[in-house]
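Visitor: The chain contents come next:
2 protein chains.
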Amino acid sequence: MADDSDRPGLPATGWAVLGLLSFGRELSGYDLKKWSDRSLGFFYWSPSFSQVYGELRRLEAAGYASSRRVSEENRTRDKRVYRITDEGMAAVKAWAREAPVDPPVLKHGPMLRLWLGHLLEPEQLRELLAGQRDYAEGLRERAAADLAAAGLAAAAGTDGTDGTGRVTHPVLALRWAERYYASERDLAAAMLDDIARTGDVPSGP
Amino acid sequence: MADDSDRPGLPATGWAVLGLLSFGRELSGYDLKKWSDRSLGFFYWSPSFSQVYGELRRLEAAGYASSRRVSEENRTRDKRVYRITDEGMAAVKAWAREAPVDPPVLKHGPMLRLWLGHLLEPEQLRELLAGQRDYAEGLRERAAADLAAAGLAAAAGTDGTDGTGRVTHPVLALRWAERYYASERDLAAAMLDDIARTGDVPSGP
DNA sequence: ACTAACATGTAAAGCGTTACATGATTTA
DNA sequence: TAAATCATGTAACGCTTTACATGTTAGT
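For the protein sequence lines, the chains are A and B, in the order given. Following numbering that gives the first Met the number 0, the numbering of the first sequence begins with 0 at its first residue and continues without gaps. Following numbering that gives the first Met the number 0, the numbering of the second sequence begins with 0 at its first residue and continues without gaps.
Errors might be hidden in some of the hints.
Intra- or inter-copy, both count: the list cannot distinguish identical chains.
[Unchecked claim] Result set (DSS-like, lysine-lysine): computed pairs, CA atoms no more than 30 Å apart in a straight line:
no. : residue 1 : residue 2
1   : 78        : 32
2   : 92        : 32
3   : 92        : 33
4   : 106       : 92
5   : 32        : 106
6   : 106       : 33
7   : 78        : 33
Rather than coming from a laboratory, the hints here were simulated on the basis of the structure.
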């Protein structure tokens, strides 16, 4: 078994980008960012474009990815596409198996406002919760649509499964996301009920 | 109505610390950090000690808080305690009412690993999800315990309500937290069921 | 022809953590 | 009296975003 103690470490974002590449596709920074928004974005924050480009440069420097310039037909300008290397594959596999899993981190803006509800008018509180409920439902629908698309692709043998009818991990993650955002929606609705039923919460601390 | 456009802005953490002070208590940085861990920590990440101290200095410079050194009895060394100013109260109130609510941000380490499940052994996946389930249940229990404590305090007229039997916003937030972590626990359990029922998910991408 | 979106970056600023330093106080 | 915890910071580092720059392609 190869020693991996001398492999350069990466920030969490670096592993996430390398993880995107670990599915084997050759992609540009721009495409990686867009894919990240639609996949990682459901349960992990999605890095900015500039950070994706930066991480890709770092991955290449570390030998975890290789890049080449491609000139597509009927396009004058080149784009740079990245592919994971064997070394990168070994590194991300070692990371996934051995690095400690950091616990979920939540920065819930709407809940911060609710916690400071004594600074708001009751009506603003209701708007806040209704907004959060609708926001969560919107994300749930997006996850559900992606899940349905993966199901159709599976039936067509195109994507989303490995061709044996079994489901891939990204599809499992989409399932989780649909349930998670359904729960977020219900939690907001429950709080709306709470403040409606118990009457107004006192406005002073 | 006073113009507030010339009030200095703050990072989200600054508003969170000022929000803690907006409940009116005079507190030290150390106590604020501990309180933050037990309240904001459930739905917002809790800043480090050094950042709390830094934010307090900034709040004082902005005129949003004032501090004084207190020498407690049977202690030789002083501690510095902070209290919100009228200007700080006006600022945090204006922020809570007018600043856009930033959407929840999630960095879910366990889900990132699950999404990269093709890099793991099935047994590791199960351990991961079982760990996440237990972690969520632990937080749920803490929220439930704090909620029960607030209920007892309410019965004794000590804390958690405004003395009229109505519930305060921090207590509402605790209720939300208990439900949230119950849901997190159930979501992890559901994923465990999913991978058990559908058989092993393919290990290749 | 113009505008919006695509695509790829660089540079600066600041947020936030980690590690470290220091000394007091409590507990074993 | 030794260790652990309380308490308050400072300094360095690096992650991450924002703003900017630049050119391309597609739609109207």
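Visitor: Now look at each hint and say whether the structure bears it out.
Guide: Cross-check of the supplied hints:
1. Only within a single protomer do residue 78 and residue 32 lie at most 30 Å apart by alpha-carbon distance; the minimum there is 14 Å, versus 48 Å between protomers.
2. Proximity of residue 92 to residue 32 under the C-alpha cut-off of 30 Å is restricted to the intra-copy arrangement: shortest distance 22 Å within a copy versus 37 Å between copies.
3. Taking CA atoms no more than 30 Å apart as the test, residue 92 paired with residue 33 passes inside one copy only; the shortest distance there is 24 Å, against 37 Å between copies.
4. In this homomeric assembly, residue 106 and residue 92 come within 30 Å of each other (Cα to Cα) both inside a single copy, at 29 Å, and across copies, at 20 Å.
5. Taking the shortest Cα distances, residue 32 and residue 106 sit within 30 Å of each other both inside one copy (22 Å) and across copies (16 Å).
6. Both within a single protomer and between protomers do residue 106 and residue 33 lie at most 30 Å apart by alpha-carbon distance, with minima of 23 Å and 18 Å respectively.
7. Proximity of residue 78 to residue 33 under the C-alpha cut-off of 30 Å is restricted to the intra-copy arrangement: shortest distance 15 Å within a copy versus 50 Å between copies.
The structure fails none of the hints (numbered hints given earlier).
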